[in-house]
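Model the placement of chains L, Z and W on the given structure of chain C, informed by the hints.
Residue numbers (the working numbering), protein chains in the order written: chain C, 1 to 500; chain L, 501 to 641; chain Z, 642 to 797; chain W, 798 to 1282.
Among these hints, one or two may not hold up.
Taking lysine to any residue pairs in the SDA-like style, the calculated list, with each CA pair at most 25 Å apart, reads [unchecked claim]:
| hint | chain 1 | residue 1 | chain 2 | residue 2 |
| --- | --- | --- | --- | --- |
| 1 | L | K557 | C | V214 |
| 2 | L | K557 | Z | V661 |
| 3 | C | K439 | W | P1249 |
| 4 | W | K956 | C | Y306 |
| 5 | W | K956 | C | I305 |
| 6 | W | K953 | C | G376 |
| 7 | W | K953 | W | P1249 |
| 8 | C | K312 | L | E615 |
| 9 | L | K557 | C | T196 |
To be clear, the hints were calculated from the coordinates, so they are not data collected in a lab.
Spelled out, the chains give:
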Amino acid sequence: MSLAAIIANLPALVVVVPLLLAPVAALIPVSGAAWVIAVIGTGGALISAWLLQGAVTGGVSFSYHLGSWPPPWGIEFVVDAASALTVLIMAALSFVATLFARRALPAEINERDAGKAYSAWLLASGGLAGLVMTGDAFNLFVFLEISALSSIILIALGAGTDRRALVAAYNYLIIGAVGATFYVIGVGFIYAVTGTLNMADLAERIPQVQQDTVIIVGFGFMVAGILVKAAVFPVHIWLPAAYAFAPSAVSAMLAAIATKAALYILARILFTVFAGVPDVTALALEWVLVPLAIAGIFTGTILAIYENDIKKLLAFSSVAQIGYIALAFGIASSAGIAAGFIHIGNHAIIKGGMFLAVGGYFLALRSRVSLSAMTGLGRRMPITTTGFLICGLSLIGLPLTAGFISKLYLVRALIAEDMILVMILVLVSSALSVAYLWKIVEILWQRPEGDDVPLHGDETPALYLPLWILAIANLWLGVAPAPLVDAANRAAMHLVGGIS
Amino acid sequence: MIDPVSIITDSWNYLIVICLMMGGLFIVISQNNLVKKLVGLAIFQTSVFLFYITVGKMAGGTAPILLDSADVAYSNPLPHVLILTAIVVGVATTALGLALVLRIHAAFGSIEDDEVLTIKAEAALPRVTRAASETDSEARS
Amino acid sequence: MRDNPVLRTCAKILFAPIIVFGLYVQFHGDYSPGGGFQAGVIIAAAFILHALIFGLEAGRRLVPQWLNLALLAAGVLLYGGVGVAGMSMGGLYLDYNVLLPDPSAGQHVGIILVEFGVGLTVTAVMLALFHAFAGFNPERFGDETSDEADHSRGGS
Amino acid sequence: MFMSPETALLTGIFAPLVVALLTPFLAVRNNWRDVAGPIGGVITFIAALHVANDVLAGGTPSWTAAEIAPGIELGFSVTALGAIFGLVASGLWVLAAIYSVGYMRGNHEKHQTRFAAFYAVAVHAAMAIAWSGNLLVLFIFYEILTFSTFPLVAHKESKAARDAGRLYLSILVGTSVVLLLPAVIYVWVMTGRLDFIPGGILAGTISPEVAPWLLAAFAFGVGKAAIMPLHRWLPAAMVAPTPVSALLHAVAVVKAGVFTLLMVAVYIFGIDYLADTGASVWLVWATCFTILASSCVAITKDDLKARLAYSTISQLSYVVLGAAIATKMAAEGAAVHIVMHAVGKITLFFVAGAIYVQAHITKISQLDGQGPEMKLVFAAFFIGAFSIIGIPPAGGSWSKFMLMVGAADAGMVMVLIVLGISSLMNIYYLLDPVARAFFKPKVKEVKITWHPLTVWPPVATAVLCIALFFFADPIVGLAQAMVTG
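This is chain C alone, in the form it adopts within the complex (with noise of 0.2 Å):
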């Protein structure tokens, strides 16, 4: 294939590449062979991503016609400053996470499952990439199941060490398929009254239909639909034994990406597809999402507090982070929705470090990561601690890291919309991420009353170099965030450039 046939095809081959390497390393039987098939698969994804980053880069979006059929009849990628930033979060943080796979995977599943293993894997990777460029309602619902079904595999996998996985991925598969449901019927209210399903199409016919009820049933079917998968508070339910439940590697990636398309896809519907209706958008936005995305927050944090598993701790902080995006595309001015895409990428490069620094302590420990395992792994582990603290004090917020700058433009934007109860909330919550931070922070360095576990195996970079990626980046943006801001403040104008 020619250079120029790549470079046309580029958004395609964010979603194909993974997709159709999924088959290929399901026929491997050797987990190695199989790995480099997911990390050629997902570095594929990735460098694909970034190319059509540089290409939005810009200014211009552009959309793919699958096959050749133009839209509104065809399947349309669509690529726009929105969904290239999204995509390049994603494919990064699986592509990370998929170098931590390498020693991580094998040593929780049977090592005749890897290969399907590095299939579900790469169909999970692309199912999500794919729902993030869609044009289409009716296909991101396909990508939407692809995604979730293959998720749903790789936590039960985690039954290898513990058999509660299975049950954390059953209760995924019931509420999220109910989600997904929620959201076909949606999209069928919309399709009865407007005759399309193409996204821009919608947005542009939804103004003129003369059923409002009908609009606002199928709308609220959608965002119901979408606020499942995206675990907003109070259907978050199956997101923290999914977490916990899963092998290490997989809650890396999935905590860093999985919610964060369904989040991009929220923004989506809210502020491009009904754009035209913003009477009805105010109303969900004002009355539904930024109370629910507050609820969260104080939900998830205080959870949090009071966990001991490690991992579910994390999984309710993720709740917690969730609802800070969910409230930031709440505020809905575009400095909000710009927050938004800042801290879909730092909490996705912050939550995906502190997984993959719990992953390192799991395979060390060999058991399942409870605060009282942890005593004395900071000074017996200090490598993979640094890196886990590094990404600890950016989930909390302090400057230097990339969370103080997520915080900075959420204040800031919330300042500027007035919202001063919502902004001390907001605050009052992030204290309250410090407690359990520093719980841990606190167990890690303390001495044993006993003798030491012994740990098997030393530190290997295999291990903790993915999760210095991470954490470096993590400093990095927080020091120099201008390429996400922009990306991010690209991106609220463009969503936000379809209302006016």
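This is chains L, Z and W only, laid out in the frame that chain C set:
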């Protein structure tokens, strides 16, 4: 203003959709048995399939296969295509769900949600580790 | 059921016609109602019927697990390969017009290949599902508590 | 001049950090490790002198690393007030480093390497706070200071030490994250900048109704300033070894707090803006209450370090009061008081530690009659107490005088009365231990062991207290430069 009788006579297809949808969702929520939950999910999804198809059907319309005469009303083919995809997705979901139920049954010995939950609270270690710890305790006693 | 002569005979007679019907549905999909999804299920039905009557082991001998997995992957790869071929020949992903010099002929070739890929995969998936459920062995995954597991479940 | 001001700036900030990083490697020989602190202190102090000299000459040494958001740069830039604080922190570090060697060895403390390393990190943070280029950089090092002193506070690793450490951390980090950081971000959102400009940056951008609330967010966000009711962490931190209490909880940490507030009042709000809007009137009363209340508590304390801690709380509010009065003279007095109180209070803490190392006495009631045994240290205590009370010829009299003149300028008679009452109480509770030691009969026979490294530093700082009375000009000059710009 709205005549209840006309709702039943004119919109019976939608009423069926609603009944199936609510029934399915109710089963998903209320049942303890993991297989029954999946059955409920399948009913719920099927109601959506019916909904799409009934929306796509045009009164007096024929199957959307191109005919030579110009004044033929075709039913909308697109919903059928969408639902074909949705059915495939539904099959995959159900299959995966049932596979998980089998594994849960093998691991916990039960497919009742409440029983599985109580087992969860106990030792959830993998078989090898737990067997080892049990023999330990037996040796001690 | 293996000993029931009526079932065995019927199965033997039906096996080939079902597959032929499946192939008909498969390759007429581009002109008339049909296509890979339906055909795949129909063809898989033939194999499942075979396995039901003659036993799981016989079914596995007919389509071994590795072949099943290979077919599954091959179908997806064929589908994707057509898409990639479209890209490499100067079109976009899944663009059939560029496959042959004549766009119309290209459309035919493209859709037939893609549908064939779908058919292969659906057949393989259906078979894999059947064997996974029918041949599920709780011993492989279970623990001590699975004694009461239903051992009668199985293909015979 | 052998250093450019910029080089001096970076030397002053990073020399302590280098010491901290080298300490674990030097730990192979205890002597190498213990000499690193004083050497680093001397280098830092020389750098601080250069910087202060340049500031007095009208320069603004500055250095920028990166820009993290429009109007927020990562960098350092020395203000006149910063020069003062830098001098205090580095100069007293030299003595405290020598003293801590004597104390830690004399007490046979464990983990001396860790102690020395974090001690140096804390000084690094204090220097960076002093010379920070904007509010955000100040905030960053404010947090680093908090975190780096936690291992020092919880040094003994006992349950009591850890609980105290947790209280310390939760109050300081909690207030700063909940109030200070939001206030910083709010200022940035409203003005688009965070740097320190003489005369302030808020005038014209923030309405007078908001100003008191914003000031409250700063005043209570800076938990290190220990305005009641956020003072609890300071007595709790007294479980730390005395060198920590001396340098950090009499100089670096608490002064970082009041320094931050003074910086905010002078360079962010601006004295004139505060005076015009009356935003700080409530703070005058809050600090007056803290001054009197903590003096009352101090009188009841029998533990010497606890009494000194409450005295510190009261004295810190003097500085904040100076900022809140919002006249030029009062602000100058506040700046000078940072220096005078630091030198005086470190003397008192040094003495408390010296008494503990030599005689293992912590209670004031047990000091009766011990004076003749430890003449030098009690003499130092006496002079230090003089400085705190504000009696000539000790340095503290200048700052108290300036604060009173400032209050009179603003017509706040009540403040004058409060300051007077407070001085009387100071006399009682600070001179009481000395009086008991010399004029009461012995209640406890103790074995005195002589540790010279714990005795000469307090004597040196006591001499410095006297010297500062006669040579206060440079300090006052810098303070004047602070308000005139």
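Against the structure, the hints come out as follows:
no.: 1; hint: L:K557 to C:V214; verdict: holds, 18 Å
no.: 2; hint: L:K557 to Z:V661; verdict: violated, 32 Å
no.: 3; hint: C:K439 to W:P1249; verdict: violated, 41 Å
no.: 4; hint: W:K956 to C:Y306; verdict: holds, 21 Å
no.: 5; hint: W:K956 to C:I305; verdict: holds, 21 Å
no.: 6; hint: W:K953 to C:G376; verdict: holds, 17 Å
no.: 7; hint: W:K953 to W:P1249; verdict: holds, 24 Å
no.: 8; hint: C:K312 to L:E615; verdict: holds, 22 Å
no.: 9; hint: L:K557 to C:T196; verdict: holds, 16 Å
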